Each structure stands twice: as structure tokens, then as C-alpha cells.
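Visitor: Protein sequences, first through last, are from chains A and B.
Under UniProt numbering, the first residue of the first sequence carries the number 1, and numbering increases by one thereafter.
Under UniProt numbering, the first residue of the second sequence carries the number 1, and numbering increases by one thereafter.
Mixed in with the good hints, there may be bad ones.
No copy is singled out in the list; a pair is fine if it fits within one copy or between any two copies.
[Said to hold, decoys possible] Straight-line Cα separation of at most 20 Å, DMTMM-like style, residue types lysine to aspartate or glutamate; simulated pairs: (1) Lys118 / Glu106; (2) Lys212 / Asp193; (3) Lys243 / Asp232; (4) Lys118 / Glu157; (5) Lys212 / Glu195; (6) Lys118 / Glu87; (7) Lys212 / Glu178.
Please keep in mind that the hints were generated in silico from the structure rather than gathered at the bench.
None of these values were measured; they are calculated from a predicted model.
There are 2 protein chains.
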Amino acid sequence: MRFTSEQRLDDGVLERGFTLGEIPGILWTPGSASAPAPLILLGHPGGLHTMYPRLVARARHSAAEGFAAATIELPGSGDRPRSAAAEQARADLRRALEAGEPVDDEIVDRLVLPLVDKAVPEWRAALDALLSLPEIGGPVGYAGGVIAIGIRLAVVEPRICAAGLFAGSFVPRTMFEEARQVTIPLLVLLQWDDEGNDRQLALDLFDAFGSKEKTLHANMGGHTGVPQFEGDDGNRFFARHLK
Amino acid sequence: MRFTSEQRLDDGVLERGFTLGEIPGILWTPGSASAPAPLILLGHPGGLHTMYPRLVARARHSAAEGFAAATIELPGSGDRPRSAAAEQARADLRRALEAGEPVDDEIVDRLVLPLVDKAVPEWRAALDALLSLPEIGGPVGYAGGVIAIGIRLAVVEPRICAAGLFAGSFVPRTMFEEARQVTIPLLVLLQWDDEGNDRQLALDLFDAFGSKEKTLHANMGGHTGVPQFEGDDGNRFFARHLK
Chain A
1 MRFTSEQRLD DGVLERGFTL GEIPGILWTP GSASAPAPLI LLGHPGGLHT MYPRLVARAR
61 HSAAEGFAAA TIELPGSGDR PRSAAAEQAR ADLRRALEAG EPVDDEIVDR LVLPLVDKAV
121 PEWRAALDAL LSLPEIGGPV GYAGGVIAIG IRLAVVEPRI CAAGLFAGSF VPRTMFEEAR
181 QVTIPLLVLL QWDDEGNDRQ LALDLFDAFG SKEKTLHANM GGHTGVPQFE GDDGNRFFAR
241 HLK
Chain B
1 MRFTSEQRLD DGVLERGFTL GEIPGILWTP GSASAPAPLI LLGHPGGLHT MYPRLVARAR
61 HSAAEGFAAA TIELPGSGDR PRSAAAEQAR ADLRRALEAG EPVDDEIVDR LVLPLVDKAV
121 PEWRAALDAL LSLPEIGGPV GYAGGVIAIG IRLAVVEPRI CAAGLFAGSF VPRTMFEEAR
181 QVTIPLLVLL QWDDEGNDRQ LALDLFDAFG SKEKTLHANM GGHTGVPQFE GDDGNRFFAR
241 HLK
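Just chain A, with the same shape it has in the complex (with noise of 0.2 Å):
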């Protein structure tokens, strides 16, 4: 990992701008940590410039918590190489959306399964790096989408002991099987009335995760209305967990 930026925000909190081989990424921890700060792992969509707004909102509200958040640039989006299989995955998905079909679970699975397959070990070697850092301690929590990425280093990476998860993407039916076998806590946030995602997947999807504990909010708003309250409703979620 090389630090490739480094700003103070004016609310102390550091933002350091970092490269992890090829794959870019960011790192914040807050202003007045005295002891290594528990980190979040902050999930997005891809293309972290666009993101990058809300991206630094989430952080700078968990750094108020004391916690560190770091995010990496997933494969194929932003300036990282693009995939000819996932561009016509995404086409072919933009396309049966404009025409209001059903997607085809094949268009996802094309979508999705490949994705994971990367980003996920791209993640753990994020995790790897950070946790190196001094001003970083464990444990760590992933929150955010994309849900299927949260679902599989939620089964894969026995670091991460809480996961705050954004039903608000596609994920494959295959991938249910594993949700079964997450047994960390879980917080599912669910936009009810955002109209491009299934709620009734993101409902079984809720009820398969093994976890004992987990909880679901569902709030109006559509689907980048998550309503503000729930930024503290994660923080206490995450400070039950990891502190």
C-alpha cells in the first residue's frame, strides 16, 4: 500500500488517498484516536470519483464514532480496466431495464458472479494492508453494497465481524446459499419504494442469512433516500460489534 494524498477535513478527520498495486483507494481515520481505531470497510457501486461525495459523508460520520473507514475502487469501474464480459453483462441489464422486463437471473449472474470473484480478494488484501497500519486495530465491519461483495466477505473473512449491508442490488440466486452460511451480525437496510430493486428478493434474502442476530430497516425515499437517521443507527449498530 503507498499513500498517494493526504488532507486534513474540518473536522480533523484524516483522508490519505492510497494505491494498493494497481487499485486506488481511501483511507480515513478520525482526528482524535488515542488507541487504534476499529475500521469500517465502506461498500459502494463502483466508480469512487462519482461516489466520492457520499462515500466521505458515511466516513466522516463514522470517524465521529471513532471508527477508521477505508474504501477501494472496484474491478472494472472508475480509471481501472474495463471487462468486455461485465460491459455487455451491464449493457445487456441497462437494456432489459429500459424496456421494463424482468432481468434475466443469467444477465445477473453474468453481472454479479464475476464481480465478486474479484473484488472480494482485492478487499482482503486491502484488509491485509490496513490492518498493518498502527493507527488501525481490529475489528472490522463491512457496510454498504454491493450486497453480493458483503455476503461473501461476510463467509470468506473471519475479520470482519459485522456487517451493515444495502439491499439495493442485484444479487444472484446462487448466492443464497451462502447468505445461509453468514453467521455475523447483520444490519439489512432496504429502500421499500426504490423502484429498479426487487424487494421481495431483498426480503428472502433476509430471511436466509444464518446470523442469529439480524436486523432489517426498511425506510421510504427511493433509492439513494436512505433517510439521514440511519448514519446513527448504523454507528450504534457497528459500536455494539466492534467495540
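On the provided structure of chain A, position chain B as indicated by the hints.
Guide: Leaving out everything else, chain B in the frame of chain A:
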């Protein structure tokens, strides 16, 4: 309203028993209130004596946030006179549940609709009396079950500004039309693995509510296993809307 008992709990909360005509009730007020306290009506399934430990715990939790809390006995519960029709409906319900049969809509209607018709005017009369006390100010919230009572109150009682509803009891299908007329902010609690509860009906009901701000919290733990952190979430919900 006539006060019948008074005791100071160890956290300073003042607990007063009262009667309103033939209806017994309990009022809890915060120990350290300087201004009139906003009021939360504590809904419950009936039987003040049996429910007391849970009700006093909820009231103390609310009082710690500066809320007064009050409850009254339901018609046909506790020491109040039984209705033959309600007892018959209750027996029919029990028989269906014990036989593992689906509960007929007609039984639910016979059990719940007369209860709502009788209980709601009583709650409103209690509200008149409670709001005439100098230590209690508006606005008012309703929290708990019976959810059908909460729905009717939310529609007909303009002094109720927010409701935290426990979706753990039977709701007559005809009340879905009333649910559509609810416009106040709602926090709906659902115990996901409550085997005696119709989960799909609870989700349909959440969908039906007309409120622009509505939040669903679903948890594990069975009918009586609502996690403790939901008490804090409820306090914050009411603090957002009643303060």
C-alpha cells in the same frame, strides 16, 4: 380521572395508578421534568397486572428520555368485565391455533373489530384527562400493540403525532383501508421469526400505510424477544417527532 396510588421508583420516576370511570390505568412521569413532558401512550395486549413488568420497563426507558408514559386496561381484560362474544372469539382463535389451522378472517374480525371500537374511545378519553394535567404537554405518541388499535387511533386522533407499532397481532383485512389513511410518521416493529404471527400480513400492512415517513424494523428473537436496542431506537424515533 382519579389517582388511586402513588409511588416514586428508584430512578425518580413517579408512578401513579388511576381510574377513569371503571377503567384502571397507570401514569409514569419523569423525576426531573421542568417543562410539561410529551406523552407516550403504551399499547399492550390487555391484562395490566400480567403486563406490568414489561410496561414499567418501557415507561422508565421513555422517562429517561424525558417522556411521560401512560396506559389503560383494555375492555374485557384484567379486572374489567368480560364480553361473551369476545370470549367466544378468543376461544375460537385458540382452537384454530392449537389445531395448527389457518385462522379464519371471520374469527379475527369478531375478536379485533369490537375491541378496536370499544378501546379507541377509551384511549381518547384517557388522553383528554392526561393532557389536562399540568405536568403533561403535547405532543403525543402511541407505542406498542394492539396494532389495530394503534391504526385506528392514528387515523381518528389528531393529537397523536407519531406511532411505534408492534406488528405482532391479528389485523382484520378491512383495516387495511384505515392503514392507507394513516399519514403520521411510523416505526413498525416486526419479530421476523414470530411463529404465531402472519409475517406476510405484517409486510403488506407496512406497505399499505399512507405515511410518507415510515420505517420497518425486523428482528429475530420470537414474539417476546424484541431486542433491547429497539427501546433506544423507539426513544430516538419519538424524540425526532415529539420534541
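Visitor: Compare the structure with each hint and give your call.
Guide: Status of each hint after checking the structure:
Taking identical chains as interchangeable, the C-alpha atoms of Lys118 and Glu106 lie at most 20 Å apart only when both belong to the same chain, with a minimum of 18 Å there against 55 Å between chains. Within a single copy, Lys212 and Asp193 get their C-alpha atoms only as close as 27 Å, which misses the 20 Å cut-off; across copies the closest is 11 Å, which meets it. Taking CA atoms no more than 20 Å apart as the test, Lys243 paired with Asp232 passes in both settings, with 16 Å inside one copy and 18 Å between copies. In this assembly of identical chains, Lys118 and Glu157 lie within 20 Å of each other by CA distance solely inside one copy; the values are 15 Å within and 55 Å between copies.
Proximity of Lys212 to Glu195 under the C-alpha cut-off of 20 Å is restricted to the inter-copy arrangement: shortest distance 16 Å between copies versus 30 Å within a copy. For the homomeric pair Lys118 and Glu87, the shortest alpha-carbon distance inside one copy (15 Å) is at most 20 Å, but the shortest distance between copies (62 Å) is not. Taking the closest pair of Cα atoms, Lys212 and Glu178 come within 20 Å of each other only inside a single copy of the chain (15 Å); across copies the shortest separation is 35 Å, beyond that limit.
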